[in-house]
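Undergrad: Using the sequences plus the hints, can you model the full thing?
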Amino acid sequence: MRGAKLLQYLILGAILVVVPLVVHSGYVMQILIMLAIYGILVLGLEIILGQTGLFSLAQAAFYGMGAYTSALLALRLGWPIWLATIGAMATSALFGAAIGFPVLRLRGDYLAIATLGFGEIFQLITNNWNSLTRGPMGLPGIPRPHVFGIMFDRTMYYYMIVAIFFIALITAFHLCRSFLGRTFRSIRDDEDAAEFMGINITKYKILSFVIGGIFAGLAGSLFAHYITFISPDTFTYTDSEMLLAMVFLGGAGTVIGPVIGAVILTLLPEVFQFLVQWDMFVIGVIMVLVMIYRPQGIWTSDIRWPWSRKDPALAAQGK
Amino acid sequence: MFILKIEAASKYFGGVRAVDAVTADIEEGKITSIIGPNGAGKTTLFNLITGTYELTSGDIIFHDRSLNRMHPHVIHSLGIARTFQNIRLFPTMSVLENVMIGFHSKLKPGIVDLFIPNRYRRVEQSMKERAEAALNLLDILPRAGLKAVSLPYGEQRRVEIARALVSDPEIVLLDEPSAGMNVGEGKSLMQFITRIRDEMHKTVIVIEHNMRVVRWISDRIIVLDHGHKIADGDPEQVLHDPRVIEAYLGKSGLTNYAQVN
Amino acid sequence: MFLQQLVNGLMLGSVYALIALGYTMVYGVMKFINFAHGDVYMWGAFFGLLLARYTGPHFLVILPLVMLLTGLLGAAVEKVAYRPLRKAPRLVVTTSAIGMSIVLSNLALLLIGSETFPLPAMLPVRVFHIGNALINTTQILVLGTALLLMAILYWFINRSRYGKAIRAASEDRETAGLMGISMDQVSSVVFFVGSAMAGAAGLLVGIYYDAVYSTMGFTAGIKAFTAAIIGGIGSIPGAMIGGLLLGVVENFGASVMSNYTDGIAFAVMILVLLFKPGGLFNAYIYQKRV
Chain A
1 MRGAKLLQYL ILGAILVVVP LVVHSGYVMQ ILIMLAIYGI LVLGLEIILG
51 QTGLFSLAQA AFYGMGAYTS ALLALRLGWP IWLATIGAMA TSALFGAAIG
101 FPVLRLRGDY LAIATLGFGE IFQLITNNWN SLTRGPMGLP GIPRPHVFGI
151 MFDRTMYYYM IVAIFFIALI TAFHLCRSFL GRTFRSIRDD EDAAEFMGIN
201 ITKYKILSFV IGGIFAGLAG SLFAHYITFI SPDTFTYTDS EMLLAMVFLG
251 GAGTVIGPVI GAVILTLLPE VFQFLVQWDM FVIGVIMVLV MIYRPQGIWT
301 SDIRWPWSRK DPALAAQGK
Chain B
1001 MFILKIEAAS KYFGGVRAVD AVTADIEEGK ITSIIGPNGA GKTTLFNLIT
1051 GTYELTSGDI IFHDRSLNRM HPHVIHSLGI ARTFQNIRLF PTMSVLENVM
1101 IGFHSKLKPG IVDLFIPNRY RRVEQSMKER AEAALNLLDI LPRAGLKAVS
1151 LPYGEQRRVE IARALVSDPE IVLLDEPSAG MNVGEGKSLM QFITRIRDEM
1201 HKTVIVIEHN MRVVRWISDR IIVLDHGHKI ADGDPEQVLH DPRVIEAYLG
1251 KSGLTNYAQV N
Chain C
2001 MFLQQLVNGL MLGSVYALIA LGYTMVYGVM KFINFAHGDV YMWGAFFGLL
2051 LARYTGPHFL VILPLVMLLT GLLGAAVEKV AYRPLRKAPR LVVTTSAIGM
2101 SIVLSNLALL LIGSETFPLP AMLPVRVFHI GNALINTTQI LVLGTALLLM
2151 AILYWFINRS RYGKAIRAAS EDRETAGLMG ISMDQVSSVV FFVGSAMAGA
2201 AGLLVGIYYD AVYSTMGFTA GIKAFTAAII GGIGSIPGAM IGGLLLGVVE
2251 NFGASVMSNY TDGIAFAVMI LVLLFKPGGL FNAYIYQKRV
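Each protein sequence line maps, in turn, to chains A, B and C.
Quick note: the first sequence uses the numbering used here, first residue 1, plus one each step.
Quick note: the second sequence uses the numbering used here, first residue 1001, plus one each step.
Quick note: the third sequence uses the numbering used here, first residue 2001, plus one each step.
Hints were generated in silico from the structure; no laboratory data involved.
Zero decoy hints are in this set.
Below are the DSS-like pairs computed for lysine-lysine, each with C-alpha atoms no more than 30 Å apart in a straight line:
hint, chain 1, residue 1, chain 2, residue 2
1, B, Lys1128, A, Lys5
2, B, Lys1106, B, Lys1005
3, B, Lys1108, B, Lys1128
4, C, Lys2276, A, Lys203
5, B, Lys1108, A, Lys203
6, C, Lys2031, C, Lys2164
7, B, Lys1128, A, Lys203
No experiment lies behind these values; they were computed from the predicted model shown.
TA: Right, here's the structure in full:
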């Protein structure tokens, strides 16, 4: 079982390594890079929403926080990019804790709307604090990373970002499988019961926001230094909705599910070009349909593939 | 030796006096039953002990420490664990994971433990071992890998008790542990509760409706009615107290009760 | 200046109150935040725009038609996206509501366009002086219509048969069900009425600013939700007062820091959620523990 899983990942990894050697299309590379960035971003939301059950509509704001921090540190203070990235992760984590603190008492859709409010405040600030962010004009000329004086081209950036994505994926896997993930899930399942079982829910909810923020900050920084220009309209409420749709479509509560959701929803408008303006509409329809017909999402932990062995739970029951 | 002192504890919800100036000392190493008709304030009293609500007045003292205004998770880590009247297992988790959560507050693993392989393995291993031991005590170890909520009712109750015991608390609060169990299950549960006292040397406080269970297991019975304590003492004495009988059955029910007894 | 701000604030607030009624009624009966409500409001403005093109700018014809159309739209949304989820966890319903909000706002974008459309004038503009404040006919129309609709709704909830059913369902869904009140019917009525009010608000705002655009629902929706929680969500008079209060606060705030007008509403919302989640009048919203 473990071997089969490892093999699947090795095959996937091999494909991703080979792609740039075979496909010389900037367009395909661009999509793959964006997929990896969105992948990291939804992994963060998965920890907040999927594991801990905190309905956050601020993930795009965490993402934007990371992008702006990294860009500003590199542009204004001349920090090296790797340091700016760490700064971005730290800032988004702080932002996560700052949101986490006050909104902890709220549950369910109240939390959703409060986080939405924080996201909008982020929008207002980036749009109006002209001296720092240049407002809606955005920040151009964000440096790309370079080694030994050679600037990263798209292919190099691609390899770097795929590697980082896999590190993020493995980290998320490890985290969710560990005692920490279990603690998060106990809060999601029944936070009162969790508290009676000795879980300090305040601490772990903040921690969840912090970890989700770190992922988002990383994604934001990678995005900023790839695209080299950022403006507030990349980090709006609509983007948070989209991330939400990715997590729910793929399967909240699983690690791979949200990534699959991100792949599907990122590719959707690319594959169906005629959908150009309809993409958000289609996403809305998908969200409603998924909630009605398959609220657990496409990918669930109890999916049994034909090649996987007998369900251990059923085996224990002697069936 | 008194381990828990409830001192004139009161909880009002608006005008409703759910628990009204209840005073009781709980003896260490004994099984104390709390009985009373529906709405008597039994579960509210549990909720006060475990920190769900703040007391309106009075105090609850555990080993010379006031539990008032403490968070439920702090109270748990001091050594008071509970089960729930309507089972509250974590529905998406396996039986084993459910019980492992109960041990979390004892081990208090930190973020660092995630990234040091040796420590990580040690943490997970000890959580797992402890949980398996607790499941074994309740004879449900073979169910460890199943989703907790897929078990029959009686077994779910046992998982809850295992989850409460895994942290090795000093006091275990059981809220209607025999509800929904058949006669056989009820009987083995009763035996198990006495084992918690005799072999694990824990203090047990139990809310129970089944009088047969109450009489059999209790060292002492506290009777609540409309938030007041109306009787407190050893089982034979309390169960024959006319005030208790009246609270339970009303005056007209006296004869029925006499027949049952 | 003070009087002028007050008049403007009350006018804006009366519109927030109209929208807030929908949030509060839905929350009262079904216990979830209808994220698509702001978009129904936006559709009210669009229906008004379309009707004005076809029937001419006759306010008294357009208003009831807009309310009918948005009412039906709201009831349809309930039937499609929420009714199948009545027994589902709230997270699921909320997600469905967010999906529906995306559907409605993008449908407007696709069918009608992303431009800002002007609405034809519905009445001759005249300006009156009250003390040193100015008030024009459009403002009187907006404020008057909003107050009248709220009065009608108040009567409907307190006196009519459906109103009683709605109140009963808000108090205790299960018991109401046992008493023979059909949840399907109550939900349909709640959505119809709430959406009709929001539609009217959309039309009024469209007339007042002479502008209709596909994203107008988002901010208005949040502000109206804020109004609803200020008054205590679930409470109908609370929503009315909350709306007026928010309108006035926002207007005075905007005169101090104009760039952050919307931020005032968001900040108020977060503050209320954190410190007085039951609203200023402490309505019941806390979820039961244990």
